[in-house]
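*Asks:* Spelled out from the first residue to the last, the chains are:
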Amino acid sequence: MAKHPDETRLALYAGDDLGWWDGRLLARHLRDCDACAARVAAFRRTRDDLALLNEMPPEVHWGGLSVEMRANIRLGVEAGQAVAVVPARLRRPGWKPSLAMATVVIAALVGWLLYFPRPQAPSQDPLQIVLGATPESIEMRQGESALAVVHAGVQDVRLTVAGARAVQARYVDAETGNVTISHVYAE
Amino acid sequence: MTTAFQLAMSHAAQPAAGEAIEQQNRLVSEHLRRIFLLIYRIVGNVADAQDLTQEVFIKAIQRGQQVRQPDKAAHWLSRVATNTAIDFLRRRGRVGFQDIEDLAEPLTSPISDNPEDSLLREEKRALLEEGLQCLTPRERAALLLRDVEDLPAEEVARQLSCSKATVRSHIANARIKFRRFLAKRQL
Chain A
674 MAKHPDETRL ALYAGDDLGW WDGRLLARHL RDCDACAARV AAFRRTRDDL
724 ALLNEMPPEV HWGGLSVEMR ANIRLGVEAG QAVAVVPARL RRPGWKPSLA
774 MATVVIAALV GWLLYFPRPQ APSQDPLQIV LGATPESIEM RQGESALAVV
824 HAGVQDVRLT VAGARAVQAR YVDAETGNVT ISHVYAE
Chain B
2 MTTAFQLAMS HAAQPAAGEA IEQQNRLVSE HLRRIFLLIY RIVGNVADAQ
52 DLTQEVFIKA IQRGQQVRQP DKAAHWLSRV ATNTAIDFLR RRGRVGFQDI
102 EDLAEPLTSP ISDNPEDSLL REEKRALLEE GLQCLTPRER AALLLRDVED
152 LPAEEVARQL SCSKATVRSH IANARIKFRR FLAKRQL
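Chains A and B, in that order, give the protein sequences. Note that the first sequence covers residues 674 to 860 in our numbering. Note that the second sequence covers residues 2 to 188 in our numbering.
Just so you know, the hints here were simulated from the structure itself, not pulled from any lab data. Treat the hints with care, since some could be wrong.
[What the hints assert, rightly or not] 30 Å max Cα-Cα, derived DSSO-like pairs, lysine-lysine: (1) B:185 x B:125; (2) A:676 x B:165; (3) B:60 x B:165; (4) B:73 x A:676; (5) B:165 x B:73; (6) B:73 x B:60.
[As the list claims (entries may be wrong)] Some residues of chain A that are not near chain B, with every Cβ distance over 10 Å (derived): (7) 716; (8) 724; (9) 738; (10) 739; (11) 778; (12) 780; (13) 789; (14) 818; (15) 832; (16) 835; (17) 853; (18) 858.
No residue lacks a Cβ here, since even glycine has one placed at the ideal position from N, Cα and C.
Using the sequences and the hints given, assemble the complete structure.
*Replies:* Here it is in structure tokens:
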């Protein structure tokens, strides 16, 4: 006798869920194998018994329960319809809220620009007077012109800057001991 | 609840809403019992089955397109009912299936000893319900849809959103477990 088919195939065969070719092979085996045929018959009896599950269980009082469920379903549908109105409106806002929002955004942007002005580059005004110092002089420039107080050859010069309008050079002559103080003021 | 039902009836008097409500009532009337039983067999208790059944019909009515055609409505409702029930069990963590070997021996004598036919059927039905608890939710749903609802395996696969091979596996496993359960309890 051929090898017995596994239980999965028998279970599927009992409910006509085995493929056509497999079904034919199994049917041939069942003709010669009482044990497998009995197992298939048992699966079929169980399948037939399952029809009982279509009956309402006795603990369910279907009359009252069905009326209650119908009412609850109706109530649920109506509640859903009432709730569904709000999202429909929210999905399409009118032009007024959009305009108000745009106005607020523009106002905030303008305010920010006014409150935080962009840093300005140093003025390139050619007439502006600029005070400066080099290792050999303190000087005042205006455009192409310059006035310099020279202290060439002197070491240990102390420079003092007073704001943007004055610069001072102070040094001691090594030979004479004289103290020289030069001021340049810009007015 | 009765008030809500009467409210629905009064709405039916309005010509525009009347047709839709009549269609909804027809849908509920035709499928309520079947869908309730399907969910009840999966979740295993009346209160949860009632809530879930109501939820399924409310969804169905709110998405009117799918349930406009009667033949599609039946399949669509079964699919939603099955998935709703399985999701419910998953959310609740109440996947209550037992190993067959762990089941207690029946306290009552075998079914054949009972003289009353109705009582015998009731005992058998209770046994089948108990057997369903040995299955995983997906096996249970596959078995109910295939062997109780008598849907083709392809349709069961669609309803459970899985391949036909997977459904065949679920069905075979379910039949084998069920058969073993019954064999253990009836011997």
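*Asks:* Take the hints in turn and mark each one as holding or not.
*Replies:* Hints and how they fare:
1. B:185 x B:125: holds, 14 Å
2. A:676 x B:165: holds, 27 Å
3. B:60 x B:165: The given pair, whose Cα atoms are some 27 Å apart, holds under the 30 Å limit.
4. B:73 x A:676: Roughly 44 Å separates the two Cα atoms, so the pair is violated.
5. B:165 x B:73: holds, 20 Å
6. B:73 x B:60: holds, 15 Å
7. 716: Answer for residue 716 of chain A: violated, closest chain B Cβ roughly 6 Å.
8. 724: Nearest chain B Cβ is 7 Å from residue 724 of chain A, so the label is violated.
9. 738: It is violated; residue 738 of chain A is separated from chain B by about 7 Å at its closest Cβ, not greater than 10 Å.
10. 739: Since the minimum Cβ distance to chain B is about 6 Å, residue 739 of chain A lies within 10 Å and the statement is violated.
11. 778: For residue 778 of chain A, whose nearest Cβ neighbour in chain B is about 38 Å away, the distance exceeds 10 Å, so it holds.
12. 780: holds, 43 Å
13. 789: holds, 52 Å
14. 818: Given that every Cβ of chain B is farther than 10 Å from that of residue 818 of chain A, nearest at about 88 Å, it holds.
15. 832: Consistent with the label, residue 832 of chain A stays out of reach of chain B, its closest Cβ about 82 Å off (over 10 Å).
16. 835: Check passes; 81 Å lies beyond 10 Å.
17. 853: Correct as stated: the minimum Cβ-Cβ distance to chain B is 95 Å, above 10 Å.
18. 858: Given that every Cβ of chain B is farther than 10 Å from that of residue 858 of chain A, nearest at about 87 Å, it holds.
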